[in-house]
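Undergrad: Sequence:
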Amino acid sequence: MASSRANPEIRVLMVCLGNICRSPTAHGVMEKFIQDKGLQSHIVVDSAGTGSWHIGESPDSRAAQAAARRGYDLSRLVARQVADTDFGRFHYILAMDRQNLKDLRARCPANHQSRLRLLLDYGDSEHDVVPDPYYSGAQGFELVLDLVEGACAGLLNTIQREHFPGGAGAR
Numbered sequence: 008m009a010s011s012r013a014n015p016e017i018r019v020l021m022v023c024l025g026n027i028c029r030s031p032t033a034h035g036v037m038e039k040f041i042q043d044k045g046l047q048s049h050i051v052v053d054s055a056g057t058g059s060w061h062i063g064e065s066p067d068s069r070a071a072q073a074a075a076r077r078g079y080d081l082s083r084l085v086a087r088q089v090a091d092t093d094f095g096r097f098h099y100i101l102a103m104d105r106q107n108l109k110d111l112r113a114r115c116p117a118n119h120q121s122r123l124r125l126l127l128d129y130g131d132s133e134h135d136v137v138p139d140p141y142y143s144g145a146q147g148f149e150l151v152l153d154l155v156e157g158a159c160a161g162l163l164n165t166i167q168r169e170h171f172p173g174g175a176g177a178r
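So in this note's numbering, spot 89 of the sequence shown is number 96, and the numbers just go up one at a time.
Think of the hints as simulated: they come from the structure by calculation, not from any bench. All clues given are correct.
Listed below are the simulated DMTMM-like cross-link pairs for lysine to aspartate or glutamate, each with C-alpha atoms no more than 25 Å apart in a straight line:
1) 39 / 53
2) 39 / 80
3) 109 / 133
4) 44 / 156
5) 39 / 64
6) 39 / 169
7) 44 / 153
8) 39 / 128
9) 109 / 156
10) 39 / 153
11) 39 / 135
12) 39 / 104
13) 39 / 131
14) 44 / 149
Please read all numbers here as calculations on a predicted model, not as lab measurements.
Construct the complete structure from the given sequences, taking the supplied hints into account.
TA: Take a look at the structure:
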């Protein structure tokens, strides 16, 4: 994707443990929010897991179905593991919970530590982490969507304010 000095390309990485539930959900939600604002040539989003056991798999079917009911498409996403090069490539590296944030901090070079945060730092929920819905029922996936939608809206507002002041970058 092309970018210019006036409108830099901003890269966002959503991270959970296996990259099959929470982070692909956040990826899909954020991607739709970016599209809805016409910012897809200026902001890109990806997702990854700190663990390696789901590499190459599609998102959990329950996560994909819950997302689809709200208009988010996860069908083209494929699980991958966080790579060392991600720390330099992404401006925002957002963990779904404290353990994944801790694991990211342990691997991240000192000069990129400021890129690491919890996704819900951008939301206004009473929750501070996105709970893993893997062993929960359908309500767990709905809660993930509720939390992620609020945080992604806040994140997109922050990105627009900090990187595109005055509406630059919006169509």
